[in-house]
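This is what each chain is made of:
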Amino acid sequence: MQQAPSLQLHTTRECLGLSHRTRTLMAELHIIGQIIGATGFPQNSLFCKWGVHTGGAWRLLAGLKEGQTQVDMPQTGDMAYWSHPIDLHYTTKGLQGWPKLHLQVWHQDSFGRCQLYGYGYIHVPSSPGQHRLQCATWRPLGSWQDQLAEMFVGGGPQLRSPDLIYSGADRYRLHTVGMGTVELELCVILRHFDRYGVES
Amino acid sequence: MSSPSDVREKMRKKRRELQESLGRVRDDKQALVASDWDLSQDNGHTAVEMLAGGEEDPGEALRRSMMAKRMKKKKKLLKEMPVESPPDEELTAVQEQDRPHDDDDDDVQPVRDLPPRPAMRPGSSQSENTMRQRMTEKLRAAKSKAASLLEQESIIEPASRLQSLRDRETLTRFDRDTDPDLRADEDSSFTARLKFRDVARRATTDKRTEAGLPTAEEAYNFFTFNFDPEPQQQPRRKKRRPGRREAEEEGEGEAGEGDGEDEEEGEEERECEGEEESEARDEDAPLVRDEEEDLFLIDQSAQDFLEVRRAEYVDYSRRLQRERDTLFVPSMRTVPASSKLAENVRPRYLEEEGLYVGERPHVGLTNQNILENRILKQGEGRKWFGDDGRIMALPDPIKESSSRPPLFHLEDELDPALQTAYRKALKSKHVNLYISGMGDPQSDYQLDVDVSGLIFSHHPLFSREHVLAARLAQLYDQHLTRQHKSLTRLLTDKLNGLRNTIHNMLELHRGEALSQVTQQRMAEYKQEVRHTRQLRDVEQDKDRALLKSIIRVWKELKALRDFQRFTNTPFKLFVRREKVEREQDEQECEDDIMAEVEELQAETEEDYQKKMSEYRRQHEEWKSWKRKQKVLKKKQKKKRQQEEEEEDEESEEELGEEPEKPDPPEKPDSGSLEEQVREKAARIRRKPGEPVLIPELTVSGPVTPNEQCPRAEFARREDVSKRALFIKVLYNDKEVSRTDSRALNMDFRVHFGQIFNLKIVNWPESIKLQVFEGVGSSSTLLVEVCVPVPESSVLTGSAPSEEMEFSSNQRVTFNHEGVGSGVPFSFETDGTSTQTLLTSGKLSCCVSWAVGEDDVPLAPPSSQPGGGMYSGLGQMDAIACIGASSLNDMKKLGKWAAESRLDPNDPNNTSIMQLLSVVSGGDVAVPEYFRLEQLQEEFNFLTDEELQLSRRFRLLRLRSQEVAEFRHFKCVPSMEREISQKVFQDYEKRLKDGEIIDTKEHIDSHRALVAKYLQKVRESVINRSLIAKHHFMLSDVVSEDEVPSIGGPGAGVLGWNLFKLAEPKRPLKPHRKERKKVTAQNLSDGDIKLLVNIIRGYDIPVRRLHTSKPPVSAKSGRSFTEPFAAPVLSQINQQGSEWPFGQPLIRPFVEVSFQRSVLQTSAAEGPNPCWNEEIVLPFSAPNGDYSSTSLQSVRDEVFINIFDELLSDVVEDERERENTIHTRIARHWLGSIKIPFSTIYLQSRIDGTFKVSTPPVLLGYSKERSLGSEGGYDTIRSLSEGTFLSLFITIEPQLVPGDTVREKMKEIKFDSQEVERLLIASEVFEKEASRHFPDRPCLSTVIDINGKTVFVTRFIRPLNPPQELLDAFPNSPQETAELVARYVSLVPSLPDSVSFAGVCDLWSTCDQFLTLLAGDEEEHAVLLCNYFLSMGRRAWLIIGSAIPEGPTAYVLTYEQNRYLIWNPSTGQHYGQYDIFCPLQTIGCLINSDNVWFNIQPYAAPVRMSFDVSKPKLWKPFFSRSFPDPGLSSVQPEALVYRRTDKAAAVELQDRIEKVLREKIMDWRPRHPTRWNRYCISTLRQFLPKLELSGGREVAEEHRLELQSLLGEYTISGFPLHLPFSEIRPIIEAVHSTGVHKAEAPNVEFALAVHVHPYPGNVLSVWVYIASLLTAQ
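Respectively, the protein sequence lines represent chains U and B. Position 3 of the first sequence, counted from 1, bears residue number 2 in numbering that gives the first Met the number 0, the numbering being contiguous throughout. Position 926 of the second sequence, counted from 1, bears residue number 925 in numbering that gives the first Met the number 0, the numbering being contiguous throughout.
Simulated from the structure, these hints should not be mistaken for laboratory data. Nothing false has been slipped in among the hints.
If you want a taste of the chain B side facing chain U, the calculated C-beta under 10 Å gives, among others: (1) E936; (2) T942; (3) V971; (4) M974; (5) V1036.
Using N, Cα and C, we set each Cβ at its ideal position, and we do this for glycine too.
I would like the entire structure built from these sequences, with the hints used as guidance.
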């Protein structure tokens, strides 16, 4: 008498599990965090353009994958704080092309002109949890004429195709100078990755 | 093993012994050993010398001699002592005393030398003790002195000791049990050592101690010293204890409690100096006890607890001393090899054994010694030493030369591949144009451009002779090249060869049957022969023609020379004849012809055979068909008797088409063949026997000198000699170099012969040569020649010079002999047969890649076709290796290989064959696509389809896409199974049904289509506006309080408002305060309320007495007609009926309904009631979305209805009337106001007096007043027709209106077809206007329905109204105008802001408007304005703001010296001075020519002038400075109206009536609804009349009529008039009147609907609804 219902329960649960498995559970990735700010730049009136680049297997379910922060002009200290939120929800059918974050730090001078201060690129961590990241940035140096012009009239060399930040072919020909670092805080939440043999 | 207690016991004993014998003098060995242990555990002690040895085990004798040596050493070292140097005598004594010790030592030695076992340990120490006792007296002084110096003595040391030391070390390490014992030893030896030093010091001062009897002395000292330093001693000890303890613990690891005392004692001894220590220990316990006693004395004062001490100071020497005790300074002396190696081991030098040993890093000898000494002192010190006795070391890692060599000295030695070249930074643009693609950045490339010369085939300065000469030269060139190629001969030879082969083959197989293969080959050969023959014929023909034309041109040239009598060109043509032998030639020719004929015959025969066989086959077919036909016909004949003929034909057809009867082919005619061949031969070949003509062109002919030429020719030659030419070389469109300027010669050939070396950095895209021709200093571009970029295999030296032909189409004419260019000229004198020649010529040049000095081609790698694109296909290389680098079409290659019949066995062809086999084999197929992410698929978790299946993801995606159904999903379940498929049902249905619109809801199919179209437009506009929505302005993000400004209109807070403070307060005239605005984002249901403040009403219709029955009026008023049931009221009524005005009373109240919530005011009295009540209605946004766009698109309307409250007495028993009130409340609808919510939202408040829309007929009510009884004011007021209501409506909290979206839309430029200048001007105009008059709307450009910006005047154009409207009142233009206005107002109104939610104002043209049958005020106004214009009136569009619409458009007309303002949405018109005109502000006037902005001080129509010609009052858009460019209209030429189907109207009428009836019954669920059919039919008759009269006063007669018909009923009812768009608004309107709420038991209803069709599907709907009460 007692055995029968428990057995039944068991089988139903199994059925559920089976249906679960047949209805494939897709891997999901949440990236929640913020671009905290930047430090170490020659000037500190900065803003940042950012974007997330993924491979073809990834699909954005919700959230903005690119954006721009406000201009922060810190009164004290070197660090410009943006605290710009990033909230992305991805699903994927493959591991290739894990999301990577590319940044452009811009400087707005007292005349309201904006000039590029650095390109940065960083992989979104693949382990779950909270991560505090520091993204070093660089900037094309240009010729001495460029540098001279930059000193007096601002502006400066920029990449014609900013894709180069993450596509990264032939970059050795670029003469760059290191700029400051951008600090980020990203929480990575993985879901169902273990179903596909990705252990985290 | 002895137990710890035993050990302790022994130790105590030992110590006592020691102390008795003043235990300071010890065997130095013992001391050393002890201290060595100490070192092993606790570094920094003095026993380094023990380790210094390290040699193999020496014999006893050796050891003894060593001992002696050591003693000598000690003596020497004594002199170096930092303390006072001892006298020499003393030292000798020491030495002497030392000797016996050594001897004695021998006895002990065996014990010591034995590797001591743990068990042996106590015994050995005992033996030591006994020995010590013996030794003490002898060795006291000397040994103690020596001990202090032992640290320095490190060079010579007996090896045996070392070993014993080592063994002991292991013992201390591994045998813990012996520890206490050892420590005792150690302690004692330590104290002893310390004491030695003291003694040594004292020895210098006190000779007596040296003498050998120190016991008394020592004892004395012990006590004397103890007294004095006691107070200091004690605290010092205490203070030091922790530190010491630490040291102790570090060193010994474990210090049992039981050992505590011993330790302390040991420590004391160690720390204290000299003999006093031992006593100090004795004194210790009592001292402490004393102190304890002291502490408990009460009478002691503070001083007793305190003591004054001097600063603690350890003097320098003592400190040095102490440091020396604790610190270890390794010696700088060389360590003997023996001590570094294990015993009995010889140093082994790997180097000598032939093994490679790297060079060690250099370390200074001193440093090395120090290090070695130090290491040896450490535990396991020897492991650091290698086999050769040196410290183990890796070879020196530092290379001799730096691995990153400085650039200056290695320029030559460096591998050329590693050499770097400095390049300037370039802009990133050129990055991908670099040739230096992969890994070869420093090689430089060089292009050599060789410009050798230029030959003109035509030049404007050519004379006629030149033209001919050039032609001749050209033909001759052709001839030469043909001769050079000698194709004809080649083909002839081939033909002969082929013929021979066939012949041979036939010979070979004569008589035998030809095998299949041979036949095949024969056929092929024959085919080949035919082909070759044809080719040869063509070539021969060409040769012949060329020859002929050469001779012809030469003849012409000669003729010309004769004619003009001078020669310009040196050309001379000789024709050489070569005789041929006639016989042979004829024979050959004949042979050839015969062979050809033969072949042709064979061919034709073959052809014939083929055709014959074909014919036979076809014939056979035909025959069989015929047979079938016959059979069939026979059958049919049988059938025919039964069936008709028609079927016959069909069956005949079934057999199929009759095949044509084939014709037998013609027999070929061999005779004609031969003729043909002969004729052809005569045409294209030299006749047999004719000499062979060989033309030869020479340039040796004389040219007539200039002087002898006619003037024109002379001028030409002059001109030629002035000309000079040069060539510019352009590389990638940049001039890189140019040739020297060369004069043009008479023969029009220019030789440059210059080579330009171009070092290139960028990939060559184009190389151009520009030919410039100049006269004097000016030069013109003659022509541009593009030279192809050479293949990288084309190198200088091997590349042939190419001749590039060029031509230019310049027109040049001369007035001299020059023929010019591009102009017709003629050779004939009469000017016939003209021809036009263009400047042309050949440029011979050569572009090739240079070859470097070391024969390295300076060409870029060929793997970069077209600017550095990397090909991912490996096959490309295979092709490149063949040498055909540009060949990449495999199929073509394969085809070519098959066609050219490559020999597969030829080694030259192997690569191609291999390639082909690979390609055709298919295993390495060249993919036709490029794949971005390789291996992606292999690693995919799942497929796309599976990903698509996920409902959760779909839901998430749709939500983030803001699809309307999913936009407000706050949470999405995390599990797939929690999402039901139903979620998407609505969405999918909507997607599916997007096309189909339910006709049931729209009733009219046309309107359904319109709705569909509107939906589409709306979607596209919304999509367009999505950009705008995500385009944030500062005000969207930052909410900023306005900075208080001084002055300024309205906003000035500090300016005028300061003065306002001083104003007297007027509490009776309150002002509405501005409220703080709330952004709509964080609101939820119930937060927003609609406040409707109903203040008062004017001129509400009053109940009417039944004039038809005046006698019973009072009575009926009481009973049923005006059933005032309340007795009080009835009394008043009675009174009222007696009023001089004769006016019955009315109790109006206002009911406000919004979003199905209905609230009402209390009932007031009289026709001009004052309610002053606030009604609060809740508001909920659709889907709970409170964003501004959503709020703007709320379609709900606020219905404000005025009712008359009727109280009817239902007390049936009159007796009860005294004490019972039993009334029924009924209400009668009087009128309503509709205000859309969007208007309220956008205007944020609505304040004013509004006209109540009342039905034209209101049964039972009238607005009539008794005449003559009213004052002057009333007469004025009576002018205003209608009822008015003062209202104030607002939203609480005040929401920020969604104007921002509109603003943003303005920022986003819509594409436009207007001129840029016009757009800018309009922007300026609007900006200017809004700056000066911010409250006056100004409009110059609008957005049409396609989303394009259009100038507003384009919308105004006279357009014809429907003809039947014009025909209706042929005599009265005013009535026609009213009818037209009514027609326009009948087009349903649909505000843009609702349909295109918050996007923008879209203007549609009139035809679109009439097709859509929906639009807002602007469309209505435009249509009306256009109608008026076509009717010949002066009309303008007014852009202004009105109540309650807000910003709107009206129409202004001017006629009979007065201005009329028309409201296009209602069809009403107002005079300019009508105070009740809803138009409040006039912003601008628009007609088809111009836009005028109102710059008058007042904007209200009453106070302004409409004379637009006054520039002070109206600012025109197009003015003299910016005239009207003549804009064409966007409106159509004329409007075409479709006659509306009357039947459809009737049908619609029935349907509406049916629906309404059902609805009314639905609304009365608790009561039966009776319909009065008689009344209905009566009403139905009235409705068309109402329509005809346009709803104007027909009430009176109508009412009378109705009254007479329905005398026994009390009727209250009214007709409603609506434009038709959908059925829903009609139902709403009927519902809002509340007629259905009549609940009297005997109530009956009447409902009639009339639909009047107007042209263009405009429908006017009348609904007559009435409730009837039976008269008793």
